[in-house]
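Chain residues, written in single-letter form:
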Amino acid sequence: MDLELASRIEGLLNDPAASCTDMRSALADLYERCRTQQQMLDRLTQISDKYQQAERERGLSYAEQLQRKVRQVEKIVRISDGYQSMLQDLNARLTAISTHDELTGLPNRRYMQERLNQAIAHTTRNGEAFSIALVDIDFFKRINDSAGHAIGDVVLTRVAACMRDSMRDYDICARWGGEEFLILFACCDKQNAAQLAERVRLGVAAIATADLHPGLQLTASIGFTEFLPGEKAIDAALKRADDALYRAKDAGRNCVVGSP
Amino acid sequence: MDNLIIAQSPSSPAIAADWNAGVISMRGDSYPENSFELFQPLIDWVEAYLAKAGRPLHLELELVYLNTSSIRSMMDIFDQMEVAHKKGQTVSARWSYDAANERVGQLAEEFCEDCTFPFSIDVKS
Numbered sequence: 001m002d003l004e005l006a007s008r009i010e011g012l013l014n015d016p017a018a019s020c021t022d023m024r025s026a027l028a029d030l031y032e033r034c035r036t037q038q039q040m041l042d043r044l045t046q047i048s049d050k051y052q053q054a055e056r057e058r059g060l061s062y063a064e065q066l067q068r069k070v071r072q073v074e075k076i077v078r079i080s081d082g083y084q085s086m087l088q089d090l091n092a093r094l095t096a097i098s099t100h101d102e103l104t105g106l107p108n109r110r111y112m113q114e115r116l117n118q119a120i121a122h123t124t125r126n127g128e129a130f131s132i133a134l135v136d137i138d139f140f141k142r143i144n145d146s147a148g149h150a151i152g153d154v155v156l157t158r159v160a161a162c163m164r165d166s167m168r169d170y171d172i173c174a175r176w177g178g179e180e181f182l183i184l185f186a187c188c189d190k191q192n193a194a195q196l197a198e199r200v201r202l203g204v205a206a207i208a209t210a211d212l213h214p215g216l217q218l219t220a221s222i223g224f225t226e227f228l229p230g231e232k233a234i235d236a237a238l239k240r241a242d243d244a245l246y247r248a249k250d251a252g253r254n255c256v257v258g259s260p
Numbered sequence: 001m002d003n004l005i006i007a008q009s010p011s012s013p014a015i016a017a018d019w020n021a022g023v024i025s026m027r028g029d030s031y032p033e034n035s036f037e038l039f040q041p042l043i044d045w046v047e048a049y050l051a052k053a054g055r056p057l058h059l060e061l062e063l064v065y066l067n068t069s070s071i072r073s074m075m076d077i078f079d080q081m082e083v084a085h086k087k088g089q090t091v092s093a094r095w096s097y098d099a100a101n102e103r104v105g106q107l108a109e110e111f112c113e114d115c116t117f118p119f120s121i122d123v124k125s
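Protein chains in written order, with our numbering: chain G, 1 to 260; chain R, 1 to 125.
It is worth saying that the hints were derived from the structure and are not from the lab. Glycine included, each C-beta is placed from N, C-alpha and C at the ideal position. Just so you know, not all the hints are guaranteed correct.
[Said to hold, decoys possible] Derived contacts from chain G toward chain R, CB cut-off under 8 Å, selection only:
#1 43
#2 79
#3 82
#4 86
[Stated by the list, open to error] With a Cα cut of at most 27 Å, we get these calculated BS3-like pairs of lysine-lysine:
#5 R:124 / R:87
#6 G:190 / G:232
#7 G:75 / R:86
#8 G:75 / G:141
#9 G:190 / G:249
#10 G:75 / R:87
#11 R:87 / G:69
#12 G:69 / R:86
#13 G:75 / R:124
#14 G:190 / G:239
#15 R:87 / R:52
#16 G:239 / G:249
#17 G:141 / G:249
All chains, full assembly: derive it from the sequences and hints.
Right, dumping it as structure tokens:
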């Protein structure tokens, strides 16, 4: 309330003889003043309410935006995990391809080389014997020539399956060359190797081939040897097994020969 | 506006955006060192096209592997298309994948989950 109006009203209130006209005029001014103030107050309240509402909406939209972002990040993470596991699968497939022979599913030469090195390291540490055997399918070239390469491939896969079946769980057999397989007999001296190799020979001779080609005879020759204490690499043992294999071939095939 | 051509590299896909045809094609793997650098021109192109061209936009994808930041960029592009679609513009996408790699198709499904515009996922013929 402005000072002028206040002092006027105070003057009138203190004056017992104040005229009614003066009082009315002061009351009218006061009433006008009061109404203006009330209008301003209403307007202020309205503005304040609007601000409050706007702030509330802004808060809600922040929360909504944040939720959307969280959902988006979750989705990115999910998809990214998917791609990662896709790469892992691909990696596993490539590893299998690089370590296994495609036709027979047996470990390949590279993988076998690694396993042989591990076996040598193991023997050097623990003195546990191991033996190797080279298995060669007899007259394989003749089978290929007479029955065709497709039948030759079937023969290879059947021999591979037979070897898998006739070996112990902890032995390992690789496709070493065309029709040549190398078996690693773990924890096995020469005497045991002779028995295990004989089991493989019998297994191959028993493979059914009647459905493949008339008169097809399937046998294998095997040369084996024990890895000798003090040897540093597999080469010498491979040479002994190979020589033994030659002797098996010379002896009329379908037999097992050990190195001297 | 010009066409946008980004040549394929071992770590980034071939990208071709044709202004007149209204078609963007992306092929290959995407794991660039700086995915912002790779994708920002494309995101800008899409924004300009949707704002000015007044024609449908089609996205033709043959993407195989995407790293995390590439996934994010692709989602941004799909978001742009989704906004345009909601405004009534014609947009569509097709993601083709090799039958030998079914996982790519499954991941494309995840991308298209929140898109309401036409989005087909097909085995490459």
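Practice task
Sort out whether residue 86 of chain R lies within 27 Å of residue 69 of chain G, counting only the CA atoms.
Solution key: holds (19 Å)
Handout entry: Pair hint residue 75 of chain G and residue 86 of chain R, alpha-carbon separation not exceeding 27 Å
Key = holds (21 Å)
Exercise for the section: For the pair supplied as a hint, residue 190 of chain G and residue 249 of chain G, confirm whether the alpha-carbon distance does not exceed 27 Å. Expected result: The given pair, whose Cα atoms are some 20 Å apart, holds under the 27 Å limit.
Handout entry: Agreement of residue 87 of chain R and residue 52 of chain R with the hint, judged by alpha carbon distance not exceeding 27 Å
Key = Judged against 27 Å, a Cα distance of about 14 Å means the pair holds.
Handout entry: Pair hint outcome, residue 190 of chain G versus residue 232 of chain G [Cα-Cα no greater than 27 Å]
Key = holds (18 Å)
Exercise for the section: Would you check the hint for residue 190 of chain G and residue 239 of chain G, treating anything up to 27 Å between C-alpha atoms as holding? Expected result: holds (16 Å)
Exercise for the section: Decide if the proposed pair is consistent with the structure: residue 239 of chain G and residue 249 of chain G, CA atoms, cutoff 27 Å inclusive. Expected result: holds (15 Å)
Practice task
With a cut-off of 8 Å on the beta carbons, see whether residue 43 of chain G makes it to chain R.
Solution key: violated (39 Å)
Handout entry: 27 Å Cα cutoff - pair residue 87 of chain R, residue 69 of chain G
Key = Given pair residue 87 of chain R, residue 69 of chain G holds - Cα atoms ~22 Å apart, limit 27 Å.
Exercise for the section: Sort out whether residue 87 of chain R lies within 27 Å of residue 75 of chain G, counting only the CA atoms. Expected result: Satisfied, since the Cα-Cα distance of roughly 24 Å is no more than 27 Å.
Handout entry: chain R contact restraint on residue 79 of chain G - CB to CB distance below 8 Å
Key = holds (5 Å)
Practice task
Using 8 Å as the Cβ threshold, decide whether residue 86 of chain G counts as touching chain R.
Solution key: It holds, given that the least Cβ distance between residue 86 of chain G and chain R is near 4 Å, below 8 Å.
Figure legend: structure checked against the earlier numbered hints; hints not met, in rising order: 1, 5, 8.
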